[in-house]
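Asks: Letter by letter, the chains look like this.
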Amino acid sequence: MKQILITLVEDKPGVLNRIASLFRRRNYNIDSLVVGKSEKPGVSRMTIMTNEEDQRKRGHIYFNLLNLVNVIAVKDVSNLGCVTREFILIKIQIGPDQLNEVNEVVKSHGARIVDMGKETVIIEATEREKEIDALVDELTPFNITEIMRTGKIAMRKGKTHKISSDKINAQADDVNWVPENIHTYHN
Amino acid sequence: MSKRNLTGAEIIWECVAIEGVDVVFGYPGGTILPAYDALDKYRKKIHHVLVRHEQGATHMADGYARASGKVGVAMATSGPGATNMITGMATAMMDSVPIVCITGQVPSPVIGSDAFQEIDITGASIPVTKHNYLVLDINDLAETIKEAFHVARSGRPGPVLVDIPKDIQNQSIDFIYPTGDIELPGLIEPQGADESQIKKFSEMIADSERPIILSGHGVLLSGATQEILDLANLAQIPIGTTLLGIGGVPASHPLVLGMMGMHGETWVNRAIQESDLLIACGMRFDDRVTGKLQTYSPNSKKIHIEIDPSEINKNVHVDLPIHGDLKSVIHQMIPVLSKKKNDSWIKKIDGWQNKSKDRDIIHQETEMLMGAHVVRKIWEGTKGDALVITDVGQHQMLEAQYYEHEEPRTLLTSGGLGTMGFSLPAGIGASFYEKDREIWIIVGDGSFQMTMTELGTAVQENRNINIAIINNGYLGMVRQWQEMFYEARYVETPILSPDYVKLAAAYGIEAFQVKSLDDVIPTMRKVQKQTGPSLIEFVVEQHDMVYPMVPAGADLHEMIERPINSKNGNANIQKEELKK
Ligand SMILES: Cc1ncc(C[n+]2csc(CCOP(=O)(O)OP(=O)(O)O)c2C)c(N)n1
Ligand SMILES: [Mg+2]
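Protein sequences appear in the order of chains A and B.
Counting from 1, position 37 in the first sequence corresponds to residue 37 in my numbering; the numbering is continuous, with no gaps.
Counting from 1, position 180 in the second sequence corresponds to residue 1180 in my numbering; the numbering is continuous, with no gaps.
Quick caveat, the hints were computed from the structure, so don't treat them as lab data.
Please read all numbers here as calculations on a predicted model, not as lab measurements.
The beta-carbon is built from N, C-alpha and C at its ideal position, and this holds for glycine as well.
Worth double-checking, as some hints may not be accurate.
[Said to hold, decoys possible] To list a few chain B residues with every Cβ distance to chain A over 12 Å, as calculated:
1) Lys1045
2) Ile1119
3) Ser1154
4) Arg1156
5) Asn1233
6) Gln1332
7) Asp1518
8) Thr1523
[To be verified] Pairs of lysine-lysine residues, derived as DSS-like cross-links and limited to a Cα-Cα distance of at most 30 Å, are as follows:
9) B:Lys1502 to B:Lys1435
10) A:Lys12 to A:Lys159
11) A:Lys12 to B:Lys1003
12) B:Lys1146 to A:Lys12
13) B:Lys1146 to A:Lys40
14) A:Lys57 to B:Lys1348
15) B:Lys1070 to A:Lys12
16) B:Lys1200 to B:Lys1348
17) B:Lys1301 to B:Lys1340
18) B:Lys1070 to B:Lys1041
Extracted from the complex, chain A is given alone in its bound form:
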């Protein structure tokens, strides 16, 4: 199972560089990294997915991220109730007689055609990774010319709690953000 980390970072120049640099120099593998504005001005929210299986190594990644000065909070949600989604745009080169067929596939996957050109269509889907994979599989017989996937974004289910400014000693009710206790994380 993939490691999924929801990370809050200060929205400052160079932050992405610092995170990328950390993953590179410590030889961690980023599967995907998605970043955008959060609900709070000046704070960006990231979903980072790694393919690290080893729990101890996952701990290294977690605490090294936490150590970055621009990183406000990190939550490892790999084993928690989350909604996860990926977004994809697919361009298909298409003959006039294929449109119906494509349409069928698109509909059956809850995707949409968002642009129809003379010889091309662009399809959009927002789904879980598995469903996106399935959509791509089914469209492969057609002439796919471009794919743009965002990588996974994740959000924890349930109530949102305030972010403690103190990364390690978060309040007990900040359940979303109580950082992994070193003790429990590794055991």
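Given chain A, work out where chain B with the ligands should sit, using these hints.
Replies: Chain B with the ligands only, in chain A's frame:
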């Protein structure tokens, strides 16, 4: 504070002075010129030391910080000035030393255009700094510098770089120093131990029969000397130190065993391997300390008290991890601990220690002058009370073995990065804090030639430092590896030295050459009498080896012991002896 209209350049000095800094090590150049121009107004508060190379500035700031526990400050221009600082920042990073490096940058409108002497130093220094800043608005300048000092010294200390474009230094604003605490949501507060951890801690100690404390650099950084000794005394736990932990506990204390690791004492490594409880305090299980991880202290439970959570469970799996400041964590523990004796364990270690004594070169007479003997004499000649700064190589390990340190911050050495060239500049830097204590720089012939350019700085600043060059004509530590692992093919390790006495004379430094053991102390006495820099070259046996040694990647208990009595010390010992 009343409002004053100040330039960015002036704000730099204001902020540095408010941090309590009275000495800055630096080198001017185009993009930092406004700051240097403004320095003239701050001479009363801040002394600037003109170095000979920016690497020297960073090591000086580092040496100052290690000796004092305060933040050291280095300054340089953009481009080559800034890149010259990389080695010094990396050295400070690996050893958790708080320094702030201030660099000039090309004017902000031309950033990104490959302007003259433009280098993306904030990008380049990410891996070698704890954090860094590029200031693009003069309104952020004061707060950024304040934050930089805070980040450098908080938690696990480290180097911080602040890059300030020339135009920002030239602009001016009404200066108001940001008061109040710095709120940095990204900094981690040490947790301290909770009830269950305290309980488990005392149980683990009570249950142990062969405990040992591993005392690291964190003991010095946290100021936890007394706490460690309290813990050790209470439960009769012997203490081994890491290289950077030397001085954290007094060497003469009956429970202090000495250094662990690759060139650690055999009885310390043996104790670690046979222990049933490691109490790791402010150390990070570096590979030079553990040897082969798979066989490291195989039968022990492990407690790790550490301020940096990312160090916990990094190399060694621990049974009781405690994230916190060492001093306060042990404070929490002491009241719940019960007294305990580990007599048979301590006796066992004593036995190992006594057995090794016969092998120790210190107790042997040799034909040649040996590095170990020189270090021991320097220890005697300074009554073990000097501030010693060492460089990297065999002489560094000999110092760690034969100079016994009683107080924290009396040995400064580059441990994590092993940066040759560290000692002379670090010693110069430290001398600006340590004004009463005798200062000895123990340096190899190879290492000295890396940064001997700073002799100029030492003379210009009339530093009261004693330089002891251990000249073995080789990059000795590398030669040692070639002898052991590369069938004695000494490829590019013999190294020529200049005539050091003449070299010193060119700088107006009085210098001596010593070739025999009997001359060590008398020559020391000569240089001890004078003020200002002095230099002694000790011409020592060329083929000496440092033992004990755990070959890289070997089990910690697979030590090559010191050879039994040989007239030329550890040199030329038989291959059979090596293989044992
Ligand atoms: C900057 C740097 N380059 C290379 C090395 C690798 N190295 C480690 S010890 C050593 C030899 C040091 O020679 P010297 O200063 O003469 O000390 P000795 O071992 O002879 O006492 C070398 C080259 C290093 N540690 N640092
Ligand atoms: Mg040498």
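Asks: Each of the hints needs a verdict: does it hold here or not?
Replies: Against the structure, the hints:
The Cβ of Lys1045 of chain B sits about 28 Å from the closest Cβ of chain A, beyond the 12 Å cut-off, so the non-interface label holds. Against chain A, the non-interface label of Ile1119 of chain B holds: every CB pair exceeds 12 Å, the least being about 15 Å. Remark: the non-interface label on Ser1154 of chain B conflicts with the geometry, its nearest Cβ contact in chain A lying 10 Å away (cut-off 12 Å). Some Cβ of chain A comes within 12 Å of the Cβ of Arg1156 of chain B; the nearest lies about 8 Å off, and the non-interface call is violated.
With a least CB separation of 28 Å from chain A, Asn1233 of chain B remains clear of the 12 Å interface cut-off, as annotated. Its beta-carbon lying about 15 Å from the closest one in chain A, Gln1332 of chain B satisfies the requirement of being farther than 12 Å from that chain. Non-interface status of Asp1518 of chain B relative to chain A is upheld: no Cβ of that chain comes within 12 Å, the nearest being about 52 Å off. Every beta carbon of chain A lies more than 12 Å from that of Thr1523 of chain B, the smallest distance being close to 47 Å; the non-interface claim holds.
About 28 Å separates the Cα atoms of Lys1502 of chain B and Lys1435 of chain B, which keeps this hinted pair within 30 Å; it holds. Restraint check for Lys12 of chain A and Lys159 of chain A: the C-alpha separation of about 28 Å stays at or below 30 Å, so the hint holds. Only pairs whose Cα atoms come within 30 Å are accepted, and Lys12 of chain A paired with Lys1003 of chain B is accepted, the gap being roughly 29 Å. Distance check on the hinted pair: Lys1146 of chain B and Lys12 of chain A sit about 18 Å apart at the alpha-carbon level, within 30 Å; holds.
For a cut-off of 30 Å, the pair hint linking Lys1146 of chain B to Lys40 of chain A stands: about 25 Å separates their Cα positions. Distance check on the hinted pair: Lys57 of chain A and Lys1348 of chain B sit about 37 Å apart at the alpha-carbon level, beyond 30 Å; violated. Restraint check: the Cα-Cα separation between Lys1070 of chain B and Lys12 of chain A comes to about 29 Å, which is no more than 30 Å; the hinted pair holds. Proposed proximity of Lys1200 of chain B and Lys1348 of chain B is supported: the alpha carbons are some 27 Å apart, at most 30 Å.
With a C-alpha separation of about 18 Å, the suggested pair Lys1301 of chain B and Lys1340 of chain B falls inside the 30 Å cut-off, and the hint holds. Taking the CA atoms of Lys1070 of chain B and Lys1041 of chain B, the gap is about 24 Å. The hint holds against a cut of 30 Å.
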